[in-house]
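Q: Here is what each chain is made of, one letter per residue.
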Amino acid sequence: MKYSTKDEQQYVNCTLSGPVRVFVKDKKIVRILPLEYTQEDDAKPWSITARGETFVRPNKAGIACWVQGSKQQIYSKDRLLTPLKRVDFDPNGERNPQNRGVSGYEPITWDEALTIVANETERVKDQYGPSAIAVTGSSHDSWGNIGYRMSALERFWNLVGCTWIDHDPDSWQGSYWGAIHSWGFHWRLGQPPAFDLLGDTFEHTDMIVFWSSDPNTTSGDYAWNETDHWRFHMKKLGIKFVFIDPHCNYTSVIDGDKWIKPKPGTDVAMALAIAYTWIKEGTYDKEYIASHTVGFDKWESYVMGNEDGQPKTPEWAEQKSGVEANVIVALAREWAKKRTTLAGGGRSGMGHVMRSSYGHEWSRAMVLLMGMQGLGKPGVNYYSTTGGAPADWDFFFPGYADGGISGGSAGPKDLGPRGFPKRATASQIRQRINRACLPECVIKPPYTWRGVYGYYGQSAQQQFTECTFPFPGYSEIKMIYRQGASYIGTMMETNRFARMYRDPKLEFVVNQTIYNEPEAKFADIIFPVCTNFERWDIGEWAKISGYSNKLSPTNARVVVLQQQCIQPRGQSKPDYQIYALLAERLGIGEQFTEGHPDEMSWIKRMYEVSDLPKVISWEKFQKKGYYIIPPKMDKKPAPALRWFYDQRPIDIPDKPMSSDRPTNRPDGLARLSTPTGKIEFESQTLKQFDPNDDERPPVPHYIPSWEGSESTEILKNYPLQLISPHPRFTFHSQHDGKTLWNDEIPHHRRLINGYRYWVIRINPADAAQYGIKENDLVKVWNDRGVVLCAANITERIRQGTVHSYSSGGGYDPQGEPGVNTTIDKGGTINQLTSSRFLSKNCAGMAPGSCLVQIAKWTEGEV
Amino acid sequence: MAKYAMAIDLNKCIGCYNCQVACKDEHVYNAFPPVAAEQPAFGQFWLSIEEREQVWNPSHIKVTYIPKPCQHCGDAPCAKAAKNGAIYKREDGIVIIDPEKAAGQKDLVASCPYGSIYLNEEKGLPQKCTFCAHLVDDGWQEPRCAQSCPMSCMYFGDVEDPESKISKFLAANQAEAFHPEYGTKPNVYYVGLPKPHLSGTVRLAEGNECAADVTVTLTGPDGAKRTATTDCFGDFDFKNAPRGACQIAYELAGYATQSSPIVLDKEITFLGEIQLSR
Chain A
1 MKYSTKDEQQ YVNCTLSGPV RVFVKDKKIV RILPLEYTQE DDAKPWSITA
51 RGETFVRPNK AGIACWVQGS KQQIYSKDRL LTPLKRVDFD PNGERNPQNR
101 GVSGYEPITW DEALTIVANE TERVKDQYGP SAIAVTGSSH DSWGNIGYRM
151 SALERFWNLV GCTWIDHDPD SWQGSYWGAI HSWGFHWRLG QPPAFDLLGD
201 TFEHTDMIVF WSSDPNTTSG DYAWNETDHW RFHMKKLGIK FVFIDPHCNY
251 TSVIDGDKWI KPKPGTDVAM ALAIAYTWIK EGTYDKEYIA SHTVGFDKWE
301 SYVMGNEDGQ PKTPEWAEQK SGVEANVIVA LAREWAKKRT TLAGGGRSGM
351 GHVMRSSYGH EWSRAMVLLM GMQGLGKPGV NYYSTTGGAP ADWDFFFPGY
401 ADGGISGGSA GPKDLGPRGF PKRATASQIR QRINRACLPE CVIKPPYTWR
451 GVYGYYGQSA QQQFTECTFP FPGYSEIKMI YRQGASYIGT MMETNRFARM
501 YRDPKLEFVV NQTIYNEPEA KFADIIFPVC TNFERWDIGE WAKISGYSNK
551 LSPTNARVVV LQQQCIQPRG QSKPDYQIYA LLAERLGIGE QFTEGHPDEM
601 SWIKRMYEVS DLPKVISWEK FQKKGYYIIP PKMDKKPAPA LRWFYDQRPI
651 DIPDKPMSSD RPTNRPDGLA RLSTPTGKIE FESQTLKQFD PNDDERPPVP
701 HYIPSWEGSE STEILKNYPL QLISPHPRFT FHSQHDGKTL WNDEIPHHRR
751 LINGYRYWVI RINPADAAQY GIKENDLVKV WNDRGVVLCA ANITERIRQG
801 TVHSYSSGGG YDPQGEPGVN TTIDKGGTIN QLTSSRFLSK NCAGMAPGSC
851 LVQIAKWTEG EV
Chain B
1001 MAKYAMAIDL NKCIGCYNCQ VACKDEHVYN AFPPVAAEQP AFGQFWLSIE
1051 EREQVWNPSH IKVTYIPKPC QHCGDAPCAK AAKNGAIYKR EDGIVIIDPE
1101 KAAGQKDLVA SCPYGSIYLN EEKGLPQKCT FCAHLVDDGW QEPRCAQSCP
1151 MSCMYFGDVE DPESKISKFL AANQAEAFHP EYGTKPNVYY VGLPKPHLSG
1201 TVRLAEGNEC AADVTVTLTG PDGAKRTATT DCFGDFDFKN APRGACQIAY
1251 ELAGYATQSS PIVLDKEITF LGEIQLSR
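Read top to bottom, the protein sequences are chains A and B.
With the first letter of the first sequence counted as 1, position 628 gets the number 628 in our numbering; the numbers rise by one all the way through.
Count along the second sequence from 1, add 1000, and you get the number used in our numbering.
It is worth saying that the hints were derived from the structure and are not from the lab.
Everything numeric in this text was worked out from a predicted model, so none of it was measured.
Don't take every hint at face value.
[Stated by the list, open to error] Which stretches of chain A does chain B cover? Using the computed rule of at least three CB atoms under 8 Å from a CB of chain B, they are:
(1) 2-16
(2) 71-80
(3) 151-159
(4) 227-237
(5) 252-260
(6) 779-790
(7) 797-805
Ideal placement from N, C-alpha and C gives every residue a C-beta, glycine not left out.
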């Protein structure tokens, strides 16, 4: 019989990097395709005509390679197929916590596993109180508004009670701890809006400076290969692309016109020299400075050297950064002359610089440079080319940060007023932990940091809170419940986490996850979860909402009824169902489900409270599986900060929900959410907090890194700077270490002697010095850990710096876990990064500041 | 009868590797007799990606990603090397390894100069790209690699139909074969293969400042002149630079014109800093 795909069933699903069409035959997935928008009733493509060229929206989703490889991930041999118990864990006898990470596991039944977990939860609550249970989820082990961690996990644990382990803006630390104090946007965690900037750039921009920005890699979070079309079109329009990054990054090698490579940690020096050149040559927007900003005189005083006797000349910056003074001057002049947009970081966030020591100083300096050139002027924007396509933001469909069935904790609560859920849940326990210092809180409390409890987007001032663990009278942590598994991989100095899990203080550890990944191996009980291809859900591609309200880096808003394609593999279950079963055992079944018999009932309810019923019937949505929300092309574009430039009331679709510093005061004047309503060269908030804070002064300063090119002592043993940005071929650790097809991409892992090693990039001059050749195995180490990698010798990394991506998911200790001298064969680069925060008052991670030593490594060596 | 071919626009390739992975998605765990046996989960690349990293100069590195499916050669060496007609060219131009007849013919792996044939060790079977013939026969417009490409940079179709996408693309672009020296008449065409490159950066002698707007004229061995203008950094470049004995001249108003002979004998030439004096 002739083969035909017409004999197969087709389903639609959505992932964290794009919507897909899934073909199934005999209950098995045959193939997975990026979704095409070519059906008769799909929204017609929008187009933008500018400078005589027309850009037309592509007609299919630009998914990521790991999504294209989902079939291998679904059928991965590393899937967990039964509940597991650590062999030497006995809840009624010896628990052997010291063997976590080493001992094997035995399969148990769901009934046994649920009973142990329910009993332990009750026991710990009875003995110590609910604050003894620390809970967190991972970003993002699945996609879909019902099953996501902010939904099911939060609802369940809000009802049970726990100490939440807080997620923080750790992908864009500098924006949060820095830029907020220059331009506000606290409700967007310091990141700027990008509304309608695609068209504005097409029409008006002459040059884009990508500073620590690799949109081809970070893409704008979840859009993946959606935005390259735009940059190719920009190149066609003659827009010049300049890249500033120690690594000639993936965008630069296809789109770049110029690569400038400062030493890591010296970017602020370069920025100051650019400002110096503009001031000296009078090539900044003085009228704008007068009308739109405050405190320029203080900045000028620092830049010109009146404050500290050191003019920040290009020659001074050359000494710091290694970038030739004449190149800095040439860039400054062109920047002032042409309509220049700054892409500071990935989604105007991300990028290794803002995740480095004093990354907040860089983020503020970036805003201030744009402040000197009339930010908001046509073509003069802060825009990473990863958002701002035409979209209808009047159309409501929630994103994951709206909180699904939990009621939401992360920003605008748009679902609640629509009656979803009937009863919102909220945390009952005030004690919380910053995840970056979870090991310290667990192992050696009390522990303090200056930062935030709970949701980060409420005000600029909340980040000044002196946080302590434990709260007076609350319990220390006795139990950890983890959904998904990525701390060992994504957090800093991750041997700390291995030590934490093996600490006898932790009486019970649960991991609820899809894969037998490194962190699961530290649990006492493991619940096996199915992927979102094996259950129902509903979600919009790349839709965050909450702290990134109405942001989409995609070409189209695609809402997907995520159809169950196959039965859950083995005995795995959806996260939601696991919580429902536990809730029943804990006597809160009805409270958890609100009477919904299953996920589909919640999904239909979410459909009903969204704007979907206005445009597509439930029956049709069920059958078709998706809906593309057409943009209103007759609506006049409102580019992100044009209102501010024009001094009109704010007109973008996203306004702050909190009353911290309202931008919409009755006087109707254009106001940013800074105290003065203007761009603040001298931050009023920081001045009020501590005018003498030498690590984050009111005016941003160049402060040499505590672990960088000027760290003479550390350099003696560890002479190379390591940068480890967001990875190109996995999203966090989700798509690594699971026997996947991206393992065969030579930028990601390399097969050497039968093992797939993580890749480190080394400059040829350094490689020659160390006698390292292409595909040699390399030992990379410092006092915090030892990691094996495969060498890629390339001019793409500046001499003296090595580059290896963060977030490997393959932690594979060749000895006792958690010991800093134990070799990790799996490439967990974050073993090496420091757990020191950005600066003393900013509890954000700083992996970009890391010194290491390397050596060629031979198999068998210790 | 259609004649199928593929054209790949490397200028639009972003190196996402979706094509390589999509091929595995289609052929791993699936067999499509009689045109394809199951592809092993790892180690075979019916579409592989060859990368060329050209360091044009210290501030400009260009990577070209070259997706390499089977070239479905018009004069396929593998077909000639195969016994019992184990490899044959269909009327529509697609070259197929018969999974039954080819079993045991391990030597066929070496017959392909492009390295596009892989050995299935377990079955002793040579295997390769089929242009997803089972899908083409089912009425699909393109193989999986092309469908998965987010940039739609792979054009597949009937080269004898002037209205087909591929025919229009080939008519509008200067396409070429990859390794034409193999002489196998490949049916995969490329636009944007790496070319020789010439660049330099011009400075003003006083202060060594970057010299913008300098007119750089390159006279090729054949006497043909090409010009470039330096940008704000003083940088200029000539893509697809000629080879051989050339003359290069730098002109900027107010400065003495400089001219010198250069011999372009390497793929990449970076002239370094050129100083202009008044």
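Q: For each hint, tell me whether it holds in the structure or not.
A: Taking the hints in turn, this is what the structure says about them:
1. 2-16: Result for this restraint: holds, n = 5.
2. 71-80: holds (count 3)
3. 151-159: violated (count 0)
4. 227-237: Holds, because 3 residues of the stretch 227-237 of chain A bring their Cβ atoms closer than 8 Å to Cβ atoms of chain B.
5. 252-260: holds (count 8)
6. 779-790: Result for this restraint: violated, n = 0.
7. 797-805: As far as the stretch 797-805 of chain A goes, the hint is violated, because 0 residues have Cβ atoms under 8 Å from chain B.
Consistency with the previously given hints fails for numbers 3, 6 and 7, ordered from lowest to highest.
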